[in-house]
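Read off the chains here:
Number of protein chains: 2
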Amino acid sequence: MSTEKLPTRSENFSEWYNQVIQRAEMADYAPVRGCMVVRPYGWALWENIQQALDKRFKATGHVNAAFPLFIPMSFLEKEKQHVEGFSPELAVVTIGGGEKLEEPLVVRPTSETIIGYMYSKWIKSYRDLPVLINQWGNVVRWEMRTRLFLRTLEFYWQEGHTAHATAEEAVEETVRMLNVYTDFAINEAAVPVIPGKKSETEKFAGAVDSYTIEAMMGDTRALQAGTSHFLGQNFARAFEIQYLDPNNSLQYCWTTSWGLSTRFIGAIIMTHGDDQGLILPPRLAPIQIVVVPIYKNDQEQSKVFAAVQQVEKQLSAWRFKVDLRTEVTPGFKFNDWELRGVPLRIEIGPKDVDHGVVTLARRHLPGKAGKSTLPVDQLSIQIGNVLDEIQAALLERATHFRDEHIFDPNNYEELKEVVQNGWAFSWWCGSAECEARVKEDTKATTRCMPLDQPEGKGTCIVCGKPAQRKVYFARAY
Amino acid sequence: MSTEKLPTRSENFSEWYNQVIQRAEMADYAPVRGCMVVRPYGWALWENIQQALDKRFKATGHVNAAFPLFIPMSFLEKEKQHVEGFSPELAVVTIGGGEKLEEPLVVRPTSETIIGYMYSKWIKSYRDLPVLINQWGNVVRWEMRTRLFLRTLEFYWQEGHTAHATAEEAVEETVRMLNVYTDFAINEAAVPVIPGKKSETEKFAGAVDSYTIEAMMGDTRALQAGTSHFLGQNFARAFEIQYLDPNNSLQYCWTTSWGLSTRFIGAIIMTHGDDQGLILPPRLAPIQIVVVPIYKNDQEQSKVFAAVQQVEKQLSAWRFKVDLRTEVTPGFKFNDWELRGVPLRIEIGPKDVDHGVVTLARRHLPGKAGKSTLPVDQLSIQIGNVLDEIQAALLERATHFRDEHIFDPNNYEELKEVVQNGWAFSWWCGSAECEARVKEDTKATTRCMPLDQPEGKGTCIVCGKPAQRKVYFARAY
Ligand SMILES: [Zn+2]
Ligand SMILES: [Zn+2]
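Chains A and B are the protein sequences, given in the same order. Counting in my numbering, the first sequence runs from 34 upward without gaps. Counting in my numbering, the second sequence runs from 34 upward without gaps.
Just so you know, the hints here were simulated from the structure itself, not pulled from any lab data. Watch out, some of these pointers could steer you wrong.
DSBU-like, lysine-lysine: derived pairs with alpha carbons at most 35 Å apart [stated by the list, open to error]:
1) A:LYS91 to B:LYS88
2) B:LYS154 to B:LYS111
3) B:LYS157 to A:LYS366
Here are the computed distance ranges between Cβ atoms for each label pair [what the hints assert, rightly or not]:
4) A:GLU205 to B:ASP421: 40 to 46 Å
5) B:ASP421 to A:THR406: 45 to 51 Å
6) A:GLU205 to B:VAL361: 25 to 31 Å
7) A:HIS438 to B:PRO279: 51 to 57 Å
8) B:GLU345 to A:LYS113: 47 to 53 Å
9) A:PHE434 to B:GLU205: 49 to 55 Å
10) B:GLY389 to A:ASP161: 34 to 40 Å
Treat the numbers as computed from the prediction; the structure is a model and nothing was measured. Using N, Cα and C, we set each Cβ at its ideal position, and we do this for glycine too.
Please build the complete structure, drawing on both the sequences and the hints.
As structure tokens, then:
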């Protein structure tokens with residue numbers, strides 16, 4: 034860890050973000066433009082995210098599989114809007130085994146096409162439905178402006194792809210997975226996302242309807258943190274995914290896809306972090322507790338180390354680390370683990386040992402506010418509660434911050450103002466023209482139309498025409 | 034499941050292998066030549082393999098991370114033997130975002146080069162060593178002749194990459210990971226591999242020494258099932274991976290790499306399978322137990338289903354499935370789950386219910402030999418023992434088969450004969466000429482020189498010169 038101070042979030046949020054990631058050793062730039070290396074500390078966080086999601090996927094009847102990295106170029110061309118959306122972003126393999134390929138291969142930017150092709154082979158009868166498959170993997174999109182975790186050429190994600198007999202079942206699945214993402218974000222990551230529907234302009238290339246969870250970052254910008262798409266029969270028709278119904282008549286399937294990526298790590302960092310560095314939610318933190326022994330001489334050391342051993346035994350149910358480094362001071366260690374966002378620190382000094390206690394320091398409450406003592410023999414009973422309390426406090430703080438920065442402007446002038454430092458939640462007529470005008474005037478885009486809509490109707494904040502729904506406008510990552 | 038019979042292993046082992054994989058829905062061919070789709074049943078097996086290995090990696094101090102898919106072509110060229118070994122097999126991205134790239138990007142065939150580059154950035158001092166990182170991911174090698182799991186253009190694996198201060202520590206790590214693979218193969222997969230060292234001819238491109246675990250398949254051919262490489266300072270020099278030692282003097286690191294891939298699934302299939310299909314070892318099987326209710330009328334059904342519910346409660350600690358399909362007969366179900374290699378079947382019919390028992394059928398012992406009954410209330414206590422007993426029986430059977438097919442030929446003529454249906458374990462002078470001669474005469478290659486060597490010395494089975502070590506010769510996948 035460098036000893037230089039981080040830039041504060043208020044002076045330069047973007048620079049704070051870049052530095053905290055690299056100094057906390059979450060990720061690094063790769064030698065290929067726009068690619069990242071996810072370092073062990075960042076990958077351990079991703080593994081915890083994967084487990085929390087995978088458990089939910091399996092509980093809702095999904096299974097995992099693996100489809101190829103390479104997709105024939107002709108596959109993408111089978112769905113018109115899909116190829117229009119993705120063709121500017123493709124990485125293309127033209128040489129294999131020293132020879133020019135007859136048909137270039139696209140490195141998958143997403144897998145609807147190749148999975149659609151396989152589903153058309155596998156699905157014969159209504160008895161084969163629904164097909165509920167998820168894949169954990171890497172995808173590539175040739176982005177021009179990249180940032181660690183938020184937008185990189187290669188990123189890691191899961192993509193679920195399902196096929197159903199009816200439109201109703203497919204829509205139900207789309208919303209089910211949106212709810213899974215919402216539940217995960219709120220209850221595991223303490224990121225109070227808002228679920229809703231994307232506008233026509235913002236939807237996925239090839240979808241009938243796209244749903245999203247939108248999170249507010251510490252600079253009030255929005256981040257699309259996961260999406261779930263109802264694909265109608267678009268891909269089923271393009272790839273002939275058909276089944277025989279109980280009357281022996283051939284029908285097209287209805288499909289969905291849904292994904293959440295390493296981008297979510299960016300959401301966690303920018304939701305919870307402060308000027309000292311990361312703050313990781315206990316349920317996902319790679320290290321939930323760091324233990325720092327404090328001593329000045331050999332006699333104190335042996336006394337403190339004996340207590341550390343007792344503490345270790347009591348912490349076995351949690352992910353903890355004892356920092357035994359001798360080349361740095363306890364103060365250095367405090368800063369180091371604060372930078373890395375470990376939610377709870379246990380300090381053990383000679384006085385603590387004398388009193389049979391340890392000192393707890395909560396990462397999200399700097400200084401004395403976050404400190405308390407706990408009898409050593411209470412640790413295994415109490416520490417779970419302390420971590421739960423921290424988890425709840427992070428969610429509450431982020432929710433409060435979000436709600437404080439969501440505005441209901443009275444007119445278009447006010448909208449233009451509030452989106453400079455927050456989100457506007459406003460009636461919108463649904464036209465792409467009004468969306469485009471807001472974007473041009475403010476850089477804010479429509480983020481989502483929440484599923485829970487207020488009663489009644491209103492008038493469009495932009496054009497004044499009748500509006501059926503309210504939408505969030507915000508500048509976004 | 035098609036009702037057509039599988040080809041037997043003795044009439045066409047290769048065709049048996051292809052069909053069993055597809056009919057058990059382990060994997061399928063992708064629309065891109067030489068690529069595979071790992072279907073949910075196959076991927077669940079891979080996930081169990083991953084967990085069993087990952088646990089061992091973490092227990093030996095390793096952490097996971099993710100390095101990029103794309104490697105600049107110039108990186109590969111930095112290690113002479115590495116590029117010579119891999120350049121015929123590369124997939125190359127030449128177009129990104131619609132533009133021709135200035136420097137083509139290789140889709141990683143293995144990651145020594147890009148990880149070496151990152152290590153040179155991260156490692157500064159002896160305090161940073163050892164670095165013990167593993168990566169789970171996909172790699173691409175442009176193979177000409179491909180087979181599901183055994184050799185595909187894209188495959189899935191883990192690759193460990195470590196850096197150490199001394200040669201001794203790096204060699205120790207190389208052997209430690211070889212032992213981890215051996216332990217995994219024997220104790221989780223019931224595949225009795227033989228660990229040993231590769232010859233100079235057969236070693237990894239860029240390694241000083243390569244170690245391998247070699248498994249004998251059901252047709253007696255050998256399969257290299259995992260490798261561990263001591264890379265010396267070859268990659269450290271190519272990528273300037275250096276550290277300051279305690280005397281503040283700059284030293285090159287010593288590095289290792291080790292990998293095990295989805296090829297191992299092929300090893301499991303070809304070690305244990307029989308003419309009815311797969312036989313999966315209980316510790317790795319996606320479904321350890323299948324429960325098949327048997328009834329002829331509604332009255333029997335309600336009686337049997339009540340018992341099934343009792344059974345389900347007792348099986349909660351295992352991976353089990355109750356086959357409730359109504360459109361197929363119990364006999365069809367038996368064949369279906371036998372094809373898929375589920376190690377234990379529980380049959381519950383009206384008579385079983387009357388006697389308060391269930392009927393167990395062990396997959397690896399066809400017919401009555403594998404059947405027994407167990408009181409329902411004993412299930413949760415006994416079923417673990419039954420699975421352990423099956424696991425042990427599979428290992429014993431495979432070990433017996435292997436040992437029966439390892440020969441100690443008296444002369445070269447005998448060697449040529451025995452490698453047609455087995456392995457030869459013979460003294461070898463170590464020369465590439467003798468290796469080449471065996472390969473030309475018999476298609477058999479040197480597989481490994483086991484670490485446990487017999488006492489004494491001998492004479493080379495090929496040329497008659499003095500030989501220090503015995504080696505396995507075998508035809509291999
Ligand atoms: Zn309007
Ligand atoms: Zn010789």
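Status of each hint after checking the structure:
As the CA atoms of LYS91 (chain A) and LYS88 (chain B) are separated by approximately 21 Å, the hinted pair is consistent with the 35 Å bound. A hinted pair counts as satisfied when its Cα atoms are at most 35 Å apart, and LYS154 (chain B) with LYS111 (chain B) qualifies at roughly 17 Å. Among the hinted pairs, LYS157 (chain B) with LYS366 (chain A) is consistent with the structure: their alpha-carbon atoms are about 20 Å apart, no more than 35 Å. Between GLU205 (chain A) and ASP421 (chain B) the C-beta distance comes to about 43 Å, which sits within the given range of 40 to 46 Å.
At about 48 Å, the CB distance of ASP421 (chain B) to THR406 (chain A) agrees with the hint of 45 to 51 Å. Taken as a hint, the range 25 to 31 Å holds for the pair GLU205 (chain A) and VAL361 (chain B), whose Cβ atoms sit roughly 28 Å apart. Taken as a hint, the range 51 to 57 Å holds for the pair HIS438 (chain A) and PRO279 (chain B), whose Cβ atoms sit roughly 52 Å apart. About 49 Å separates the C-beta atoms of GLU345 (chain B) and LYS113 (chain A), a value consistent with the hinted range of 47 to 53 Å.
At roughly 51 Å, the beta carbons of PHE434 (chain A) and GLU205 (chain B) sit within the given window of 49 to 55 Å. A C-beta distance of roughly 38 Å is found between GLY389 (chain B) and ASP161 (chain A), which places it inside the suggested range of 34 to 40 Å.
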